[in-house]
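Novice: Build the full structure now, drawing on both the sequences and the hints.
Protein sequence lines correspond, in order, to chains V and G.
By numbering that gives the first Met the number 0, the letter at position 237 of the first sequence is numbered 236, and the numbering carries on one by one without gaps.
By numbering that gives the first Met the number 0, the letter at position 161 of the second sequence is numbered 160, and the numbering carries on one by one without gaps.
Think of the hints as simulated: they come from the structure by calculation, not from any bench.
A few of these clues could be false.
[Said to hold, decoys possible] Facing chain V, according to a computed beta carbon distance under 10 Å, are these residues of chain G, among others:
1) Pro-44
2) Thr-72
3) Ala-76
4) Asp-81
5) Glu-129
6) Arg-135
7) Thr-136
8) Gly-138
9) Leu-156
Don't be surprised by glycine CBs; every beta carbon is placed ideally from N, CA and C.
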Amino acid sequence: MARKTIKVDYLARVEGEGALTVTIRDGQVKEAQLRIFEPPRFFEAFLRGRAFSEAPDITARICGICPVAYQMSAVHAMEDALGVTVDGPLRELRRLIYCGEWIESHTLHIYLLHAPDFLGYEGAIDLARDHPDIVERGLKLKKAGNALMTLTGGREVHPINVKVGGFYKAPRRRDLAAMADDIKRARDMALATVRWTATLDFPDRQRDYELVSLSHADEYPMNEGRIVSNRGLDIAANQYDAHFEEIHVAHSNALQARIRERGAYLVGPLARFALNFDKLTPLAREAAHAAGIAPVCRNPYQSIVVRAVEVLYACDEALRIIESYREPDRPSVPVAVRAGVGYAATEAPRGLLYHRYRIDDEGTILEAQIVPPTSQNQASVEEDLKVLINGWLDLPDEELRHRCEQTVRNYDPCISCATHFLDLRIDRG
Amino acid sequence: MTKSKIAREFPPPRPGGERALALSPGFVSRAQPPGPALVIGIGHPDRGDDAVGRIVAGRLNERPPVGFRVVETDGEAAKLIDLFGGADDVIIVDAGRSGAAAGTIHRLDAAFPLPRPMFAMSSHALGLVESVELARTLGQLPERCIVFAVEAARFDLGAGLSPAVAEAVDDVVARVLEEIGAEVT
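Specialist: Structural data, given as structure tokens:
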């Protein structure tokens with residue numbers, strides 16, 4: 000039987016890191032297999048034998064796009080093991096640096112990676128040729144996120160200022176206050192981004208996902224909260240392994256996470272938005288409403304609008320923190336080393352990021368477990384491809400390939416954690 | 000053109016030729032300093048030869064070249080374009096792959112399109128080539144932008160530099176200094 004294969008036209012820098020194969024038989028998608036590469040597995044091994052205090056800096060290097068998420072899950076898990084609580088201005092600063100990462104990461108994805116899919120462009124360069132003003136707005140908005148990360152994190156790539164117990168150095172109030180006008184401008188741009196993404200032409204596709212995210216009584220979740228779902232899950236982070244499992248699938252050397260006895264689930268903006276809509280700021284809620292996004296949005300292609308709403312929220316939240324900030328008495332709380340196991344889940348831009356560490360009485364890491372959002376979403380990506388692209392199978396291969404890529408991009412798979420080099424094959428038999 | 004031929008060739012002369020001549024290696028004069036100038040080392044510190052750009056930047060920062068700021072980055076497009084925005088003279092050092100022998104140093108002038116297959120690309124991220132083209136489209140490409148691509152052998156996590164690339168680091172540092180006609184502090 001003749002096999003027709005379509006490949007994305009690039010030379011993989013690292014062969015075999017990421018591949019998607021879609022198999023079509025009798026007019027239906029028979030199988031969609033996504034193979035992703037997972038640096039966290041390497042880092043789990045690398046962390047063993049290192050000091051607990053090194054975890055934030057080491058895990059920050061897993062991903063250039065979401066280093067803060069890895070740092071935050073690492074410090075919270077270590078503080079859980081050590082019985083340390085970080086609150087007050089230090090807790091606020093952690094939210095502020097996370098706001099910076101959400102703004103930066105979401106904006107990169109919205110403008111440079113995902114929007115071209117909806118507008119019929121091959122990529123950001125073509126979009127910039129026809130709409131330089133739009134791309135420039137995206138770059139300026141992203142830069143505001145970078146600035147927040149740099150001010151709080153010390154460095155925008157792999158921030159170095161975060162430590163177990165707080166920060167090495169807390170920013171001065173006047174330095175944060177000096178950013179307020181920039182963040183207000185960023186908020187205007189974020190609102191414009193919501194309005195712009197709402198005008199895109201979304202495929203009319205929906206799926207009934209189990210949505211999983213953190214939930215907190217008082218705030219839209221970033222660093223803390225219980226892990227909840229729209230199907231009744233409600234657990235603390237230390238129960239994650241009892242309710243979720245990571246399994247090997249034959250076509251991938253990465254692990255796929257599933258809810259035990261239920262299967263695939265969805266983490267990320269759609270899940271956070273649906274499960275925490277009432278915790279958004281009024282401005283973000285109104286913008287979502289005006290954009291025509293229901294509080295529970297099941298169309299994964301509209302995730303681009305939800306990301307924009309979260310950018311708007313992050314700007315609002317950053318301004319609140321900047322305006323109410325009081326310099327802490329000390330940049331970190333004291334940490335006494337003891338043996339223990341610590342668990343934490345925080346909300347990376349792409350979704351729930353779970354860490355677990357076991358340390359000995361000298362603070363040496365004995366075990367590390369890292370479950371990134373992209374491996375949690377991997378099964379949902381495959382199910383989306385099996386279900387959502389069926390109406391497009393009559394399209395020419397090139398257009399079908401584009402639809403598959405757009406569908407994978409709904410998830411904003413982390414460029415370091417997952418499909419760094421996606422090799423796409425469509426097999427029509 | 001074969002990949003190995005791309006590897007050996009310098010870019011063709013620019014129309015008019017004067018600036019290209021003036022900026023040939025060793026011809027940058029401190030008496031006529033360029034505008035804000037930048038050396039950018041791109042890569043991931045834990046991924047084998049991908050670290051070479053950042054190692055070279057680190058070496059250059061030990062004795063910073065006069066008039067140049069040396070920075071390290073992961074190569075993400077928006078960050079690169081932001082860096083470009085403040086400079087009119089940029090030297091980039093990155094790992095690349097063209098089929099030449101590991102450690103081969105390629106000099107590429109971004110006044111001309113960069114060879115697309117040489118640098119990391121994906122459907123989920125923008126690599127160096129896309130960053131340069133995006134900057135060009137937005138009118139934000141520095142007036143001079145030279146790329147030194149070091150032929151890589153491996154990108155495995157935790158592998159460190161391959162012997163051939165490690166051996167090339169001194170030469171890359173020298174080539175960058177020669178390119179910018181630097182006086183060293």
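Novice: Run every hint past the structure and note whether it holds.
Specialist: Evaluation of the provided hints:
1. The restraint placing Pro-44/G at the interface with chain V holds, with a minimum CB-CB distance near 7 Å, inside the 10 Å limit.
2. With a cut of 10 Å, the hint placing Thr-72/G at the interface with chain V holds, because the nearest CB-to-CB distance is about 6 Å.
3. For the restraint placing Ala-76/G at the interface with chain V, the shortest Cβ-Cβ distance is roughly 6 Å, inside the 10 Å limit, so the hint holds.
4. For Asp-81/G, the suggested interface contact is upheld, since its CB lies about 6 Å from the closest CB of chain V, less than 10 Å.
5. Look at Glu-129/G: its Cβ gets to within about 6 Å of chain V, closer than 10 Å, so that hint holds up.
6. A distance limit of 10 Å between C-beta atoms decides the matter here; for Arg-135/G the minimum to chain V is near 8 Å, and the interface restraint holds.
7. Contact between Thr-136/G and chain V, as hinted, is supported at the beta carbon level, the nearest pair being about 4 Å apart and thus within 10 Å.
8. Because the closest C-beta pair between Gly-138/G and chain V is about 8 Å apart, less than 10 Å, the hint holds.
9. The criterion of a C-beta within 10 Å of any C-beta in chain V is met by Leu-156/G, whose closest approach is roughly 4 Å, and the hint holds.
The structure agrees with every numbered hint stated previously.
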